[in-house]
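A.B. asks: Okay, here's what each chain looks like letter by letter:
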Amino acid sequence: MELDIRGQELLLSIKMTIEDFISKLEAEFEDVEPGTLKAETSFRDIEDWSSMHALIVIALIDTEYDVILSGTDLQAANTINDLFELVRTKQ
Amino acid sequence: MVAASIKAVSYYLPSERLTNEDLFAQFGTLSPAEIFKRVGVRERPIRGKGQIGSDLAFESSLVLFDEHGVDKAEIDFLLFCTEGLDYKGPATACIMQDRLGLNKGIGAMDIPMGCAGFTNGLAIAKALIASGQSKNVLLQTADIPSSVIHPGDLDLRMLFGDAGASALISRCDDQFGIGNFVMGTDGSGAENLMVKRSNTRTPVDTKWLEEHKAVGGLEFGRMEMNGLEIFSFSMREVPSLVNDILAKNNLALEDVDLFVFHQANAFILKMLARKLRIDNEKVYNCMEYIGNTVSASVPIALAKASKEGKIKKGNTVLIAAFGIGYSWSGTIIKY
Numbered sequence: 016m017e018l019d020i021r022g023q024e025l026l027l028s029i030k031m032t033i034e035d036f037i038s039k040l041e042a043e044f045e046d047v048e049p050g051t052l053k054a055e056t057s058f059r060d061i062e063d064w065s066s067m068h069a070l071i072v073i074a075l076i077d078t079e080y081d082v083i084l085s086g087t088d089l090q091a092a093n094t095i096n097d098l099f100e101l102v103r104t105k106q
Numbered sequence: 099m100v101a102a103s104i105k106a107v108s109y110y111l112p113s114e115r116l117t118n119e120d121l122f123a124q125f126g127t128l129s130p131a132e133i134f135k136r137v138g139v140r141e142r143p144i145r146g147k148g149q150i151g152s153d154l155a156f157e158s159s160l161v162l163f164d165e166h167g168v169d170k171a172e173i174d175f176l177l178f179c180t181e182g183l184d185y186k187g188p189a190t191a192c193i194m195q196d197r198l199g200l201n202k203g204i205g206a207m208d209i210p211m212g213c214a215g216f217t218n219g220l221a222i223a224k225a226l227i228a229s230g231q232s233k234n235v236l237l238q239t240a241d242i243p244s245s246v247i248h249p250g251d252l253d254l255r256m257l258f259g260d261a262g263a264s265a266l267i268s269r270c271d272d273q274f275g276i277g278n279f280v281m282g283t284d285g286s287g288a289e290n291l292m293v294k295r296s297n298t299r300t301p302v303d304t305k306w307l308e309e310h311k312a313v314g315g316l317e318f319g320r321m322e323m324n325g326l327e328i329f330s331f332s333m334r335e336v337p338s339l340v341n342d343i344l345a346k347n348n349l350a351l352e353d354v355d356l357f358v359f360h361q362a363n364a365f366i367l368k369m370l371a372r373k374l375r376i377d378n379e380k381v382y383n384c385m386e387y388i389g390n391t392v393s394a395s396v397p398i399a400l401a402k403a404s405k406e407g408k409i410k411k412g413n414t415v416l417i418a419a420f421g422i423g424y425s426w427s428g429t430i431i432k433y
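So the protein lines, in turn, are chains A and B. The first sequence begins at 16 in my numbering and counts up by one. The second sequence begins at 99 in my numbering and counts up by one.
Misleading hints may appear alongside valid ones.
Lysine-lysine pairs mimicking PhoX-like chemistry, simulated, CA-CA at most 25 Å apart [claimed, not checked]:
no., chain 1, residue 1, chain 2, residue 2
1, B, LYS373, A, LYS39
2, B, LYS346, B, LYS411
3, A, LYS39, B, LYS135
4, B, LYS408, B, LYS170
5, A, LYS105, B, LYS373
6, A, LYS39, B, LYS368
7, B, LYS432, B, LYS408
It should be emphasised that the hints constitute simulated quantities derived from the structure, not laboratory data.
Throw the hints in and build the complete structure from the sequences for me.
C.D. replies: Here it is, written out as structure tokens:
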């Protein structure tokens with residue numbers, strides 16, 4: 016199925032947003048090289064992942080997107096895309 | 099109108115210290131530098147053998163009387179705040195009246211609150227003064243979190259320190275003093291920060307003592323914290339608390355010279371500054387050699403900030419505390 020212009024724009028905006036989300040995450044984690052995270056990356060597999068990183072994720076999402084995830088929200092998510100979807104539905 | 103002000107604040111830290119080097123030697127996981135990076139603490143005061151909250155509170159009051167020349171005969175109300183009372187009965191405040199040699203014609207009550215204990219107690223002290231009941235209230239806050247932390251719980255041991263603080267709240271007739279309070283409570287978060295097996299509902303039993311024999315029995319119970327939920331709660335409630343305090347006192351963010359938050363952990367302080375768009379410089383942090391001392395954290399921060407010249411006469415200071423309960427409260431203090 017071909018997307019109409021609006022559909023393409025929407026897709027583009029979503030794509031840009033998740034890319035933006037990923038680059039913000041990469042900037043926040045000091046020990047992660049830019050370009051290494053993908054939407055399908057399981058965030059707990061990030062090298063040296065710790066409870067501190069989980070706090071950083073909550074803080075980043077709060078300050079950048081004005082969405083406050085609960086600990087339960089975070090525990091239910093696995094990939095970066097899951098996080099992104101959570102933010103979108105809660106926004 | 100009758101107003102109340104914080105006339106003097108002093109604190110007492112027990113002499114024993116738990117350093118990041120000690121923690122690294124025991125756990126071998128996070129280096130001293132990594133521990134500091136995570137929580138912003140290098141050393142925590144730890145109670146001496148047999149020392150409990152009221153002992154630290156008692157010492158802090160002696161320091162207060164000495165440092166500020168407080169005449170204890172003028173104290174007409176005593177509030178003792180801790181999460182670790184001496185007994186289920188009598189109230190520790192009654193024992194403290196006798197121990198400190200305060201007048202018999204005073205009121206003395208316990209406030210069993212944690213992180214928000216000082217700000218909650220201050221609201222009560224102000225109300226006692228504003229109602230004409232009292233002129234000089236001694237508010238003691240003291241906690242010994244180390245007594246309820248499992249020695250194998252690095253996350254909690256990194257954070258908490260034991261301490262006591264005393265504040266004298268007195269009647270004053272000018273515009274300086276304690277402003278309007280904002281308070282909040284959400285008991286649905288109780289389980290996320292709780293001292294398990296610590297009192298009547300779920301007392302310690304022989305099985306528990308046996309299970310924890312290797313670590314001394316954990317006879318006072320065990321503090322358990324869901325760090326993610328506590329962090330999420332802090333980021334959700336504290337910015338609104340700050341905005342509500344400003345609104346209730348007809349102030350704007352820029353009018354505040356210093357923000358003194360409960361010293362929960364350095365990361366939370368930094369994130370609150372970021373979310374509220376306040377300079378880190380304006381958010382006071384004295385955690386490096388003290389840690390999170392629960393109910394004693396705000397008065398210690400006020401005393402230290404004053405000593406360091408970060409609070410000066412004429413300053414407007416916003417205090418806000420939050421945590422176990424959940425309970426949160428705060429106000430403005432004009433110096």
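A.B. asks: Work down the list of hints and note, for each, if the structure agrees.
C.D. replies: Going through the hints against the structure:
Among the hinted pairs, B:LYS373 with A:LYS39 is consistent with the structure: their alpha-carbon atoms are about 16 Å apart, no more than 25 Å. This hinted pair checks out: B:LYS346 and B:LYS411 have alpha carbons roughly 22 Å apart, not beyond 25 Å. Restraint check for A:LYS39 and B:LYS135: the C-alpha separation of about 20 Å stays at or below 25 Å, so the hint holds. The hinted pair formed by B:LYS408 and B:LYS170 fails the criterion: a straight-line CA distance of about 28 Å is larger than 25 Å.
Of the supplied pair hints, the one linking A:LYS105 and B:LYS373 holds, its CA atoms being roughly 18 Å apart against a limit of 25 Å. A hinted pair counts as satisfied when its Cα atoms are at most 25 Å apart, and A:LYS39 with B:LYS368 qualifies at roughly 18 Å. Note on B:LYS432 and B:LYS408: the hinted pairing holds, with a Cα-Cα distance of about 14 Å set against a maximum of 25 Å.
Hint compliance for this structure: hint 4 is the single one not met.
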